[in-house]
Amino acid sequence: MQELDDLTQVASRRITGISGQIRANLIPPLWREVASYSREKLRADLIAGVTVAVITIPQAIGFALVVGLPIHAVLATAVIGSLICACYSSSRHLVFGPTNTISIILAGAVLSLADVPLTPLAKVLLLGCIIGIIQLTAGLTKTGQLTQFISRTVIIAYTTAVGILIIVGQIGNFLGIDRAPAVSLPGTIQYLITSLLSLDFNYLTAATGAGSLSLLYLLRRWRPRWPEGLIVLFLASIITATFKLEDHGLRLVRDLGEMVSAMPIFTGFPLNQEGLLLLPRITGTAIAIALLGMLEAISIAKTLAARSGQRLDPNQELIGMGLGNLAATAFGAMPGSASFLRSATNLASGGRTQFATIISSIGVLCAGLLLSPLLNYIPIAALAAYLISIASRLFNPAQITIARRSTRADAAVFWVTLFAALFLQLDTAIYVGIGFSLVLFLQKASAPTLIEHAFNDQGQLAQIDTPTERNSPQVSIVHVEGDLFFGAADIFQDGVRRLAEDPQIRVFILRLKNARHLDATTVMALGQLLEYLQLEGRHLLISGVHGDVAAVLKRSGLAKKIGAENIFPAEENPTLATKKALQRAQVLIGVKPELRVFYSQPAPAK
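Our numbering numbers the first residue of the sequence shown as 191 and each following residue consecutively.
These are calculated hints, taken from the structure and not from any lab test.
Be a bit skeptical, because a hint or two may be false.
Here are the computed distance ranges between Cβ atoms for each label pair [unchecked claim]:
| id | residue 1 | residue 2 | range |
| --- | --- | --- | --- |
| 1 | Asn704 | Gln500 | 12 to 22 Å |
| 2 | Tyr621 | Pro657 | 41 to 51 Å |
| 3 | Gln718 | Ile217 | 51 to 61 Å |
| 4 | Ile641 | Met714 | 18 to 28 Å |
| 5 | Tyr621 | Gln724 | 43 to 53 Å |
| 6 | Gln724 | Thr656 | 50 to 60 Å |
| 7 | Ala396 | Gly499 | 42 to 52 Å |
| 8 | Arg598 | Pro759 | 35 to 45 Å |
| 9 | Leu308 | Leu408 | 36 to 46 Å |
| 10 | Leu389 | Leu301 | 23 to 33 Å |
| 11 | Phe433 | Phe613 | 38 to 48 Å |
| 12 | Arg598 | Leu232 | 48 to 58 Å |
| 13 | Gly737 | Phe613 | 26 to 36 Å |
| 14 | Ala588 | Leu469 | 17 to 27 Å |
All C-beta atoms in this analysis are idealised placements derived from N, C-alpha and C, irrespective of residue type, glycine included.
With the sequences and hints as input, model every part of the structure.
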């Protein structure tokens, strides 16, 4: 009864602590900035906020084309989602909103749900709601740190594939070619080549796209501080409206759905009966997008924090992003993620606090309200050129080279993830890349090193190459290096058994000084090894046992089976425990100990 009361008290304290932590996480970190906010910070945040807004507007319009959504549904992400995320984010410079990677995954998800009688926006909103719940839960439960186990190589390959897919997907809009009937990458490329060879494209559209792309690269090269996207799209819309180019076959943004107003309207969460029936089909995609968003946000926030010197709470970033996605969904907007370009621009422009992001959100809203009539005249070819320009920035040759050349495992992960993303659904590719990298990691981690050692004439423990170098022909000292978790148990046991095939050896000394992460599976393997040796009248000694390994051996009961006299804890002198074990081994085989034990004396204080 007393034990039950103790457990109840412990559970009560734990629940109280968790609920208190959740309440603390739901207090917007922005309020901490208010007390020390100054006119100087406001001036810096205004400049940074306006700069970020200028970049955001053309990107949002472009991403609407990628996903196939109305422009207002994407602009609202940069307004509502960005504003809410800024309030709850611990990073002063992270900018939330629509991104190229999230956009193209959403486009694929919408396409895979073609048989569902819902509008593309309704499908995206349902996905956004689930994504927000996953990210918010990860932040509150502090499980977002699990993303650190996803290889950076997976993200590099995935981002590279996204860049390729965006470029290939926009060539048709760039040249005025009708949408390819094929869904796969090879089918799309074949269709585009056939159309080009048969000259089946619109010359005015191709000229508009080529001119826009050329101007974009010229501005980026000669005027890198200018907002090239906004300038090019603004000029293209002015020229189109002035000369009525739409009458000559030039497709405009309004052909995708005329934009009346950019004012976000509260629509509520899409968790109706139709949406709930779709959950089994879209949950896998939602988890993949949520994972990718979490990786992007934490990676970008850490990069910015390293530059600015700010302390960061990664779990708070996930809370902010989760709430941002939920808020965006409630206002009829697509889900978003952290944008590296906009976040880096925020920092480079002198942004001091999260108010810079809030100002950029207000700027996007005002620009959308004022410029909505003009936005309808943006040529789709110019927008495609801008998307191709953005996608080209996703290729990082330096990082790709590192990923391909560092190790064979990294190269394998890179190519597997890249081809999976190009030829499978993008959400599936995330799982393929993560799964393959984890398999290679476990394969590497589950291969502990077993090396036979002996003491030399200087009393030092050194590796030996032949049995004749042993201190005693009947004693083998095996140094174990690496992780001894469940994946390594069989390899560890087989390695020791191979050494035990020598009939001369009567005592095995396992030196576990550099062995880590002993678990139940390895303990059982050690137990089987002990039984195997005891059946043949041989002995097992363990030396260099540190605290964690000793605790596992004791709790599992294996320490008792081995015998306290046969276990030698690690000491300050790194070889002392093994020397004592060797002396014990010599006693067990009936040989007078010939090895002297030397104790290292600490150096005198100066």
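Structure-based check of each hint:
1. Asn704 <-> Gln500: 12 to 22 Å: For Gln500 against Asn704, whose Cβ atoms are near 37 Å apart, the range 12 to 22 Å is violated.
2. Tyr621 <-> Pro657: 41 to 51 Å: 48 Å, holds
3. Gln718 <-> Ile217: 51 to 61 Å: 54 Å, holds
4. Ile641 <-> Met714: 18 to 28 Å: Distance hint for Ile641, Met714 holds at roughly 24 Å.
5. Tyr621 <-> Gln724: 43 to 53 Å: For Tyr621 and Gln724 the Cβ distance comes to about 46 Å; the hint holds.
6. Gln724 <-> Thr656: 50 to 60 Å: Given range 50 to 60 Å: violated, Cβ gap about 28 Å.
7. Ala396 <-> Gly499: 42 to 52 Å: 49 Å, holds
8. Arg598 <-> Pro759: 35 to 45 Å: For Pro759 against Arg598, whose Cβ atoms are near 39 Å apart, the range 35 to 45 Å holds.
9. Leu308 <-> Leu408: 36 to 46 Å: With Cβ atoms ~43 Å apart, the hint holds.
10. Leu389 <-> Leu301: 23 to 33 Å: This hint holds: roughly 28 Å between Cβ atoms.
11. Phe433 <-> Phe613: 38 to 48 Å: 42 Å, holds
12. Arg598 <-> Leu232: 48 to 58 Å: 53 Å, holds
13. Gly737 <-> Phe613: 26 to 36 Å: Between Gly737 and Phe613, where Cβ atoms are some 49 Å apart, the hint is violated.
14. Ala588 <-> Leu469: 17 to 27 Å: Hint violated: Cβ distance 41 Å, outside 17 to 27 Å.
The structure does not agree with the numbered hints 1, 6, 13 and 14 stated previously, though it agrees with the rest.
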